[in-house]
Amino acid sequence: MVEVRLPTVLRSHAAGQSSVKANGATVGEVFDDLVRQFPLLAGQVITADGTLHKFVNVYRNDDDVRFLDSLATPVEDSDVITILPAVAGG
Amino acid sequence: MLRISRAHWQAIVDHATAEADKPAEACGLLAGELGDIDVRAVYPCRNAAPPERQNFVYELDPLDHLKADRDARASGWDIIGVYHSHTHTEALPSPTDIAQAPDPGWHYVLVSLRLPTPVVRSFTIVDGEVAEEPLVLERPAPK
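Quick note, the sequences are listed as chains A and B, same order.
Terminal number for the first sequence in my numbering: 90, no gaps in between.
Terminal number for the second sequence in my numbering: 143, no gaps in between.
It is worth saying that the hints were derived from the structure and are not from the lab.
Cβ atoms here follow ideal geometry from the backbone N, Cα and C, with glycine treated the same way.
Accuracy of the hints is not assured; some may be wrong.
[As the list claims (entries may be wrong)] Part of the chain A face toward chain B, derived, beta carbon under 7 Å:
| no. | residue |
| --- | --- |
| 1 | Thr8 |
| 2 | Val9 |
| 3 | Asn57 |
| 4 | Tyr59 |
| 5 | Thr82 |
| 6 | Leu84 |
| 7 | Pro85 |
| 8 | Val87 |
| 9 | Ala88 |
| 10 | Gly89 |
| 11 | Gly90 |
Work the whole structure out from these sequences, hints included.
Written out as structure tokens, the structure is:
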């Protein structure tokens, strides 16, 4: 089981939890399991065409998965996945 | 309402002032307990927008965000808001700020350096609706 840390904006979709556990060998599989557990998270992190939403950043430990293999990035049980909203403005 | 210590208020203004010399917008994150009014920590972050655009936009560095989130969680807090500066315009959320507001539960603190005296204001942004909220300076501890 991998720990997935959720930003405040997504917690209402995950029974109010700030951190949840999910199964998977890749970041994508972990997110699939997350949506199985919390169906309200569907569409919040992954787009309909199966890619990461541009307004979220996903880290495996200290690494932005966009600079790894994105959703195909492998994960191990000791890893922490952190989902963060992209923060920008003018 | 958002309540902030004088030291945290000054840290935000100092960061904004330092970046304004480039000129660039400064940005950073605020931590506290969810649902509480107090800012417990201020995390100045890097503006990761392209250098030639930093004087009118900011993109909060995601790695700095990760570090702030980690530090806040370790203290039992959460990220509850973001601050950023406007170097030449008022301390009001811009259309871009409103369109890109990431979290309806957050506090959005704006610093304006348009005038010699910095102006700091706080807002909520929910479904595109902006509302100013009181930004209160914490009373200093008695000596």
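Inset, instruction - Let me know if the C-beta of A/Tyr59 comes in closer than 7 Å to any C-beta of chain B, holds or violated. - result: Holds: closest Cβ of chain B sits about 5 Å from A/Tyr59, inside 7 Å.
Inset, instruction - So, A/Val9 near chain B? Judge it on the closest CB pair being under 7 Å. - result: At about 4 Å, which falls below the 7 Å cut-off, the nearest Cβ of chain B leaves the hint on A/Val9 intact, so it holds.
Legend entry - A/Gly89 as chain B interface residue, shortest Cβ-Cβ below 7 Å: holds, 4 Å
Legend entry - Hint status (Cβ of A/Thr82 to nearest Cβ of chain B, threshold 7 Å): Holds, about 6 Å.
Legend entry - Agreement of hint A/Pro85 with chain B interface, Cβ distance less than 7 Å: holds, 4 Å
Legend entry - Interface hint outcome for A/Gly90 [beta carbon to chain B under 7 Å]: holds, 3 Å
Legend entry - chain B contact restraint for A/Thr8 - C-beta distance below 7 Å: holds, 6 Å
Inset, instruction - Closer than 7 Å between Cβ atoms is the bar; does A/Asn57 clear it against chain B? Give me holds or violated. - result: holds, 4 Å
Inset, instruction - Mind checking the CB of A/Leu84 against every CB in chain B and telling me if the closest is under 7 Å? - result: Holds - the Cβ of A/Leu84 comes within 7 Å of chain B, reaching about 5 Å at its closest.
Legend entry - Interface hint for A/Ala88, Cβ within 7 Å of any Cβ on chain B: Check passed: Cβ of A/Ala88 comes within 4 Å of chain B, closer than 7 Å.
Legend entry - Restraint satisfaction for A/Val87 [CB to CB of chain B, less than 7 Å]: Where the cut-off is 7 Å and the nearest Cβ of chain B is about 4 Å from A/Val87, the hint holds.
Hint compliance for this structure: no hint is broken.
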